[in-house]
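Peer 1: Spelled out from the first residue to the last, the chains are:
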Amino acid sequence: MDPVISVRDLWKVFGSNASQVVASDELKSLPRSELMDRTGAVAAVRGVDFDVAPGEMFVVMGLSGSGKSTLVRCLTRLVEPTAGTIMFEGENILEADPKRLRDLRRNKFSMVFQHFGLLPHRTVADNVGYGLEIRGVPRAKRGERSQEVIDLVGLSGYEKSYPDQLSGGMQQRVGLARALAGDPDVLFFDEPFSALDPLIRRDMQSEVIRLHREVGKTMVFITHDLSEALKLGDRILIMRDGQVVQVGTGDELVGAPADDYVRDFVKDVPRSNVLTLKWIMRPPRPEDDLDGPELSPETVVREAVRSVLSADKPVKVVRDGELLGVVADEEILGVVAGEA
Amino acid sequence: MVAVAAPRQLPRLLHRYKQALIIGGIVLAWLVLWLLFRNIGTLPLDASALTPLHRWINDINDAVGASRNSNPVFLYFFNEIRLVIDEFVTFVQALIAQPSFGRPVPVIGWLGVVGIAGFVSLAVAGWRVALLTIAGFVFLGLQGLWQESMDTLSLTLAAVVISLLFGIPLGIWAGLSDRANRVMTPVLDFMQTMPTFVYLAPLTLFFLIGPASATIATLIYAAPPAIRITAHAIRSVPRNTVEASESLGATRQQTLVKVLLPSARKTIVLGVNQTIMAALSMVTIAALIDAPGLGKTVVKALQTLDVGTAFNAGLAIVVLAIVLDRVTTAATERRKLPRWAFFGGLGVTGVLVYLSYTYLWAAEFQSDVEIGSSIRQGATAVTEWAQDSLPLITGGFKDFVTFVLINPLQALLAESPWFLVALVIVALSFLIGGVRAAVVSAVCLGLLVATGLWQDSMITLASTLVATIMVMVLGIVVGVWMGRSKRADRFIRPVLDAGQVMPAFVYLVPFLALFSASRFTAIIAAVVFAAPVAIKIIADGIRAVSPTTVEASTALGSSSWQTIVKVQLPMARGALTLAANQGLIYVLSMVVVGGLVGAGALGYDVVAGFSQGQLYGKGLAAGVAIVVLGVMLDRLTQAAAKRWTN
Amino acid sequence: MARHNVLGAVLVGALALSGCSGAKVGDSSSGATGDCGTFNLAVNPWVGYEANAAVLAYVAEKELKCKVTKKELKEEVAWQGFGTGEVDAVVENWGHDDLRKKYIDEQKTAVSAGSTGVKGQIGWYVPPWLAKEHPDILDWNNLNKYADKFKTSESGDKGQLLDGDPSFVTNDEALVKNLNLNYKVVYGGSETALIQAFRQAEKDKKWVIGYFYSPQWLLNEIKLEKVKLPEYKAGCDADAEKVACDYPDYDLDKIVSKKFADANGPAFQLVKNFKWTNEDQNTVAKYIAEDKMKPEDAAKKWVDANADKVKAWTAKA
Ligand SMILES: Nc1ncnc2c1ncn2[C@@H]1O[C@H](COP(=O)(O)OP(=O)(O)OP(=O)(O)O)[C@@H](O)[C@H]1O
Ligand SMILES: [Mg+2]
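Chains as they are written, first to last, in the numbering used here: chain R, 1 to 340; chain P, 341 to 986; chain S, 987 to 1303.
No lab work stands behind these hints, which were simulated from the structure alone.
Even glycine gets a Cβ: it sits at the ideal position worked out from N, Cα and C.
Be a bit skeptical, because a hint or two may be false.
[Stated by the list, open to error] Think about it this way: if two alpha-carbon atoms lie no more than 30 Å apart in a straight line, the pair counts; the simulated DSS-like pairs of lysine-lysine are: (1) 1087/S <-> 1209/S; (2) 982/P <-> 160/R; (3) 1278/S <-> 1295/S; (4) 1057/S <-> 1212/S; (5) 1212/S <-> 1272/S; (6) 160/R <-> 606/P; (7) 1131/S <-> 1057/S; (8) 1278/S <-> 1048/S; (9) 141/R <-> 598/P; (10) 1280/S <-> 1051/S; (11) 598/P <-> 99/R; (12) 141/R <-> 676/P; (13) 160/R <-> 598/P; (14) 1051/S <-> 1258/S; (15) 358/P <-> 826/P; (16) 1272/S <-> 1094/S; (17) 1280/S <-> 1048/S; (18) 1191/S <-> 1212/S; (19) 1170/S <-> 1245/S; (20) 108/R <-> 598/P; (21) 1209/S <-> 1219/S.
[Stated by the list, open to error] Computed spacing ranges between beta-carbons, pair by pair: (22) 1083/S <-> 707/P: 45 to 53 Å; (23) 1128/S <-> 713/P: 44 to 52 Å; (24) 1236/S <-> 747/P: 37 to 45 Å; (25) 120/R <-> 677/P: 19 to 27 Å; (26) 978/P <-> 268/R: 31 to 39 Å; (27) 747/P <-> 1278/S: 38 to 46 Å; (28) 605/P <-> 185/R: 48 to 56 Å.
[Claimed, not checked] Quick look at which bits of chain R chain P covers, simulated, 3 or more residues with Cβ under 8 Å: (29) 106-118; (30) 132-140.
Start from the sequences and build out the full structure, keeping to the hints where you can.
Peer 2: See below:
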């Protein structure tokens, strides 16, 4: 399947001499702080490549200041990229004229913000209908559609409230509803839940998972919270100082961190929840008894614990009838013990 | 906490210490050089002496005046503007103030005006304010100043409407575009600090004597706050709200109309409020070119030093100001009037207007309980008492401040060679604000030399600094008090409002008796005008300090004094610097008034330039010097503020 | 529902009230205007002028049936108004050679309409108590003797000579220099400042010497004494830097716009013929300044008592 979004060698440099920086290979190779000292420019995004598949939940993760917000704003050109290409459904967004760009924003993608960005002088219903209003959708139709999405995000009954009368979680539901109202192909989330308290955050995460399942949209989700990333993401991109460190599924990151930075990151993750058997299996040894039970390599360790420990022989990891390796008590215990 | 913070603070402390040393060194060097070169190169200029520049300005002024009747710019451009404005003002006056349309009374009599004012207040500001409005307007009538008040109101409303008509769009533009903002800022500085006296006479040349000139004079001073505050409001709409709108594909115009303006509304209304206040503070000055209304009453009463009458009229201005202020301030809150109240109010207002149109008793304010004369007598009695019994004390105080503060500072500034002062100021600017600030100061100082009024500028600068210090002392003392006590706030605030809009001319008469014609009198007048602004800003700043922090400090056992000095004041330092900055600007705008009571120097130059043709050029140059001083001090305090608050 | 009833009651009540009370607007009509037309009279901001203007306006309105528009203006602006056609007459002019040159000689928009009969004097004055206790102070030669007494916070180690109204030409800095006086000119900046200074001086027996002028309403209240300076001789003030003589006496006159003079209407005739004395003006000024009468009433009182003088002004030439 063709990717919905395909980003190649994307650069964003803040500063008056931005174009000079991206034109010079030498400057481009400098670390951020040195570049700052030499030119006064900040390289927020540095040569980023990635693809997002249709219907995928793609998570971008990194510490504060790593350039996540800048990256996602480049994708919708809320921030003008300095160099690179961004293909959206086969169209280079960087070449879109203002009118085309507006069309894209109105119909193809929309965004949910960390600090909600609601209009304080409008009611919930009017906030949700805002995107439709600026497209010129007639009032009656707008009301209908707003009501639909308000119901979808579970805000029924609050249509006439003003944002400052709602809790943070509810405000972000409004933000979510506003983004959904225009029925976009892609949703961008910029740390939408980091301003919320943990319980509400968990609710909202489940909400997004539910919506992802129900409406089946492509989503790009920014977070600095690894557990959120692992919980939501089909694939995760890890950024550091504006660069991509690693892209992969959760178990890939935990099982095969690309460098110490990522390793450090995933250190505290409950590995048994993330790792699958394929990361802990070992090649069968001659003394192994190979007539134990079979499991698929994608089985999460935690789910395999019981069957491995209860079997008196090593468990075979098999895909399409092919034996990939075996997992015995010691491998399982290695993972579980490591967490303690 | 302490252990962690210490290593980081140490270099900063050292750094500060070092800077204090450098500044001390500069001042010391200045003192030594002053002793050596005293009274050399001070660039003095006699009161009636002129420089070629001054003569040249005179010639231009004469040439423009002489060509008035043949110049097409006058015949068409200015004339058209004048006609439109005249029509507009005359129309408003015809409605509420002046006999019109062949009637011996205005279209809407006092009862109708009270009804309309009450209804509008009710609709935008609620019951309480509506009652205040009605009481205020009736009070104007009882003072025996109904018609004068309505004339003033007409002129003020006209000036405010026109100010907003231009000011809000310009403010939006300046809010959206950095370049527009950069171009507009100095122009607005110029409009706000250039003394009105400088352009009053030329205005009547361009727009003739009458409402148009008065309106334009008023709006030159009153429009800048609307522009500045609108721009500020647009700029401070949260970035992410705008971004959210853009991300949904809104055009610039849609974002402006649907996001920026509604979000900025509250702040813009504050700008409207400031514009109204500024317009009201111009009432007396506009009276010098025949603007009708309360200003005339004040000016006339002062010809015979009739403080009672002047105070009565001044009080009417204060009442108008307080009513308009409370209405506009309350209008920023979200509120909805029940339908029945709205339509009921509308109906009643309609009836009142009809009555006031038809019946004499509702048209002309005639009352048996006339309180104007009691106010006049009371004010006169108080003034006389003060003039008789206080001068000994006040005179001593004046001499003390003059010898301890004003004279030394003035000696240092005005008796040093000009290049020495310039060097010191540029060096200090560099220390405070870096190269940029140093360049700005250098350019400003160069301009001061060019005006030919260097020594006068330095004398004025000395008084300005002393006045600003007094404003800040008052501001901190009263501001902290108001910030900590709601009750104090409630009682003091109206007094501050009065200080801001009560025409200076009214209190200058007793001040002259208490302090004689002197620089100190001028300083006190400036303090009366400028302190309210500083006090209000500081009070708001103190109140904005998070209550949790104050609570935490109290919980640790701080005394009130410790809480104020160690928590509230440091945390309100943004407000303190803003207060210093605004205090300075307001003090400067009183330089000319100071010239009327013995300040001499630039203020007197401007006043004399307004009064004598051959001094016009010099007056204009003095006006420019005041503006330049203002710009220099403004940029310096802003740079200092930036340093301090970061 | 109840609310609507209340409202209705209010409305009905108000209408009823209107039906039964009060005179209607327009019941009485105002006076008509004669063939005189409109007379735009500048009013400069001092009481003596106000007295002239009040009497002239009263006569023009009552006898000639003119529609008089008073415009309160500073001198500069008033003269400027001759050119723009907004001002017809200025009825007390103190010299102002610069304005004469500009508007009468150069722009030719104004012409003189003769003397008002009032004589003006400018000079240095001291409060009466001082003149009485130290009579020799009235001679400038003795001023240095007293310089110490006149010291203030503003004048440093010299005596203070309080100058004031910025509207008037002053040679005082030159005078002090050229007469070798140990004084410093301090600019009070306004007439108000001068009046307050003299009032306080007389009341508290303070030492004040300052620039002042007559006629001025204050002189009715406090008889300030003029200090004798070296006598004025024609031309002794030609070079502003070298002045060392007293100020000249002023014959206060009337200036009218050229257009107004050429039209030669009754109002112009009145202005041209208007002439009275210092006493006359002082009387009306006192009514206004001290008795706090309205200018119209003050004028009426004087006119009623001086019908013969007024007749002379309005007699057809
Ligand atoms: N408008 C701007 N001008 C200059 N520098 C900017 C701008 N916006 C971001 N930066 C810089 O770019 C870098 C990346 O910022 P960005 O906001 O993208 O980080 P982030 O990963 O989203 O951080 P956070 O988790 O705190 O939101 C930071 O160093 C920031 O200072
Ligand atoms: Mg971010």
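Peer 1: Next, verify each hint and record whether it holds.
Peer 2: Verification of the supplied hints:
no., hint, verdict
1, 1087/S <-> 1209/S, "35 Å, violated"
2, 982/P <-> 160/R, "42 Å, violated"
3, 1278/S <-> 1295/S, "24 Å, holds"
4, 1057/S <-> 1212/S, "33 Å, violated"
5, 1212/S <-> 1272/S, "21 Å, holds"
6, 160/R <-> 606/P, "21 Å, holds"
7, 1131/S <-> 1057/S, "47 Å, violated"
8, 1278/S <-> 1048/S, "22 Å, holds"
9, 141/R <-> 598/P, "19 Å, holds"
10, 1280/S <-> 1051/S, "20 Å, holds"
11, 598/P <-> 99/R, "19 Å, holds"
12, 141/R <-> 676/P, "27 Å, holds"
13, 160/R <-> 598/P, "18 Å, holds"
14, 1051/S <-> 1258/S, "17 Å, holds"
15, 358/P <-> 826/P, "41 Å, violated"
16, 1272/S <-> 1094/S, "36 Å, violated"
17, 1280/S <-> 1048/S, "16 Å, holds"
18, 1191/S <-> 1212/S, "17 Å, holds"
19, 1170/S <-> 1245/S, "46 Å, violated"
20, 108/R <-> 598/P, "22 Å, holds"
21, 1209/S <-> 1219/S, "26 Å, holds"
22, 1083/S <-> 707/P: 45 to 53 Å, "51 Å, holds"
23, 1128/S <-> 713/P: 44 to 52 Å, "48 Å, holds"
24, 1236/S <-> 747/P: 37 to 45 Å, "38 Å, holds"
25, 120/R <-> 677/P: 19 to 27 Å, "21 Å, holds"
26, 978/P <-> 268/R: 31 to 39 Å, "48 Å, violated"
27, 747/P <-> 1278/S: 38 to 46 Å, "41 Å, holds"
28, 605/P <-> 185/R: 48 to 56 Å, "35 Å, violated"
29, 106-118, "holds (count 10)"
30, 132-140, "holds (count 3)"
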